[in-house]
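Using the sequences plus the hints, can you model the full thing?
In this text, residue positions in the sequence shown follow this note's numbering: the first is 67, and each later residue adds one.
If you are wondering where the hints come from, they were derived from the structure by calculation, not from laboratory data.
One or more of the hints may lead you astray.
Restricting the straight-line Cα-Cα distance to at most 25 Å, the calculated cross-link-like pairs of lysine-lysine (BS3-like) are [to be verified]:
(1) Lys519 - Lys475
(2) Lys310 - Lys88
(3) Lys358 - Lys386
(4) Lys358 - Lys475
(5) Lys212 - Lys223
(6) Lys159 - Lys223
(7) Lys519 - Lys562
(8) Lys148 - Lys159
(9) Lys148 - Lys212
Bear in mind the structure is a predicted one, so any value in this text is a computation, not a measurement.
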Amino acid sequence: PLLPVRGGGGGSGMAVWTRACKAGLLELLLRERWVRVAAELSGEALSLTAEPGGGEAAVLNGVVNGNAEAAPGCVRRVRVVKAEAGGLGISIKGGRENRMPVLISRIFPGLAAERSGALRLGDAILAVNGVDLRDATHDQAVQALKRAGREVILEVKFMREVTPYIKKPSLVSDLPWEGAAPQSPSLSGSEDSGSPQHQGPRDRKVIPLKMCFAARNLSMPDLENRLIELHSPDSRNTLILRCKDTATAHSWFTALHSNITALLPQVLAELNAMLGTSGGGGGAAAGGREVKHIAWLAEQARLDGGRQQWRPVLMAVTEKDLLLYDGMPWTRDAWASPCHSYPLVATRLVHSGSGRRSPALGSELTFATRTGSRQGVEMHVFRVETHRDLSSWTRVLVQGCHATAELIKEVSVGCTLGGQEVQLSIHYEGGFTICREEPGGSVLFRYPYERLKMSADDGIRTLYLDFGGPEGELALDLHSCPKPIVFVLHTFLSAKVTRMGLLA
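Pasting the structure below:
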């Protein structure tokens, strides 16, 4: 059932979201094994409980309902074809010196053995490509597997009695999700407030959803389109869930994403209270600027060789700035140390829409920002998970830039014109003024925006303005990269045109 969210607002500019309650069986990637878990989603947390029934029933490794052919005592002949890279994708234990058969102790996700869907933990390897391993030592078995070539024929038999020898993963001890405390300022005094809670004797963890990042196809390839990624608020840990099919994955992801988003107004209220900016107060940590919107998305990173990948990044928008963080800044010190900080008045949204990706996975939803800085133009490309996220960020950034223009009103910069030191001022209402630099310096030129015929820059230090006056084109030496003032000019013009109602 969908439940209405109480409250809302928080300056995020977002519509009221609904919170979903959901339950069902999923698979969790734990210690490089797929473990069946009972998942229960509430408005504020995701509960994961290991399914009872022993290791051989709980660990599925790609076979959603187990393997009907893997009955104990039944010898199976399994063909596995290796990819060009990655190998067979199993680990083994046992051998003659251990007085045990050669056992499959681990099946690595995404590699050949798991893709075959015919092997499972606890299988004893009796032969490899006709080479008998019933009396082999551990090293002999390893060498036989290495020599097997690209196509491997395995004779295996499932041995239920040895499964206790292969340690079953534990949600309580093996789920890597620590280090997120404090989960929020209001909980900063409680113990382990940001880490999953495990309750009672059952193998169970409860993961708070506040400021988690639900994503798909981000850190792990998902060729079957049935994985869900949940990244911790500090971005240090990632939980991978696998659903039985694409439709189920979409349903679970939508529910998780909606519940996380529904918590954002509460996060904004707590964050502004911590920074002392709520109600228009002048909090020093935030520079007296209220946080308007904050959420996780993915940023495009370029690797060596021109390759690209996406990485989680937290974006916050205040009254005047766009801030990027690696993790949720729950303290004043963390808030004061973003990875990047860009003034909104010198930032513009340059793309928003669907990108290109493999047709099997659909289109990526992306937007890009460009900021004029002293180093030139800095560009970032971001990916969001839903169309609603894309609309929200587009609105937040465009309206934020325009609101900043009206808030700042004027920017000034010292420069040189025709060999004399002057000051260029651009006022949101009044337009351009160029006056001599000395105190009380006389005005050389003053023009409204409508007189501007042309503007350009050399990308190094010179700004060119032509107002159609008798002085001709003005070449202003800004002594540094002109891009910041160029972007401010663009923001002022865009805000004025929008205010005049010429743009929807």
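Results for each hint:
Restraint check for Lys519 and Lys475: satisfied, since their Cα atoms lie roughly 22 Å apart, inside the 25 Å limit. Annotation: proposed proximity of Lys310 to Lys88 holds, straight-line Cα distance about 15 Å (limit 25 Å). As the CA atoms of Lys358 and Lys386 are separated by approximately 10 Å, the hinted pair is consistent with the 25 Å bound. Restraint check for Lys358 and Lys475: the C-alpha separation of about 20 Å stays at or below 25 Å, so the hint holds.
The suggested pairing of Lys212 with Lys223 holds, with an alpha-carbon distance near 20 Å, which does not exceed 25 Å. Among the hinted pairs, Lys159 with Lys223 is consistent with the structure: their alpha-carbon atoms are about 15 Å apart, no more than 25 Å. Between Lys519 and Lys562 the CA atoms are separated by roughly 17 Å; this keeps the pair inside 25 Å, and the hint holds. Taking the CA atoms of Lys148 and Lys159, the gap is about 21 Å. The hint holds against a cut of 25 Å.
For a cut-off of 25 Å, the pair hint linking Lys148 to Lys212 stands: about 12 Å separates their Cα positions.
In this structure, none of the earlier numbered hints is contradicted; all agree with it.
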